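S.K.: Starting from the given sequences, assemble the full structure and let the hints guide the process.
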Amino acid sequence: MSKNTDSGSEFDFSKFDADPEVSDKRNISVPPPNQYFDVEQIPSGFTPMGEVAVEGRMYRGLSHGRMPWGIIVMSWVAIGLPILGLCGYIIYASLEPLLTGTTLLSFQTLFSTILVLALHLMVPGVILFIVIKGTRAKLRYVRSRSRRGE
Numbered sequence: 019m020s021k022n023t024d025s026g027s028e029f030d031f032s033k034f035d036a037d038p039e040v041s042d043k044r045n046i047s048v049p050p051p052n053q054y055f056d057v058e059q060i061p062s063g064f065t066p067m068g069e070v071a072v073e074g075r076m077y078r079g080l081s082h083g084r085m086p087w088g089i090i091v092m093s094w095v096a097i098g099l100p101i102l103g104l105c106g107y108i109i110y111a112s113l114e115p116l117l118t119g120t121t122l123l124s125f126q127t128l129f130s131t132i133l134v135l136a137l138h139l140m141v142p143g144v145i146l147f148i149v150i151k152g153t154r155a156k157l158r159y160v161r162s163r164s165r166r167g168e
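FYI, in the working numbering the residues of the sequence shown are 19 to 168.
It should be emphasised that the hints constitute simulated quantities derived from the structure, not laboratory data. Only a predicted model underlies this, so the values are computations on that prediction, with no experimental measurement involved. Just so it is clear, CB atoms sit at the ideal spot from N, CA and C, and this is done for glycine as well. Possibly wrong hints are sitting among the right ones.
Here are the computed distance ranges between Cβ atoms for each label pair [stated by the list, open to error]: (1) 132 x 51: 17 to 23 Å; (2) 157 x 114: 32 to 38 Å; (3) 116 x 154: 30 to 36 Å.
Pairs of lysine to any residue, SDA-like flavour, derived with a Cα cap of 20 Å [claimed, not checked]: (4) 151 x 134; (5) 156 x 114; (6) 156 x 106; (7) 151 x 58; (8) 151 x 107; (9) 151 x 63; (10) 156 x 146; (11) 151 x 73; (12) 151 x 118; (13) 151 x 82; (14) 156 x 79; (15) 156 x 74; (16) 156 x 69; (17) 151 x 81; (18) 151 x 102; (19) 151 x 90; (20) 156 x 95; (21) 151 x 89; (22) 151 x 88; (23) 156 x 104; (24) 151 x 84.
M.R.: Structural data, given as structure tokens:
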């Protein structure tokens, strides 16, 4: 018996399943529990897709400032400075023919040079943006922590 009905009630339980057609259609659905566990497995870096996933996790952590200062400084040394050098060389190599006068200066030449320069600087710019964003996020976190007195 359920706790809402007492044994002295006049409800006839024998008639409850008298009609087999109705009893076949009757069902009870129990919803699943609302507990959601965020289980993120660390991918293996030894497969091509796992390597991409590991690099994505690393860049995501770096861009949100969740890395220690040593990692941020090393990212500037290993990623930021070589990319700045590469960007400088790309700019020099693209503009050098225009500046020395070896090519005629026309609208078409200038437009194509700027377009090629923009396309060549796109990928290094994105990686440099990640390092800059991570440094700014880490500095912002340190400043907010020092204001709170921690």
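S.K.: Okay, which hints does this one fail, numbers in order?
M.R.: Per hint list: 1, 4, 5, 6, 7, 8, 9, 12, 16, 23 violated.
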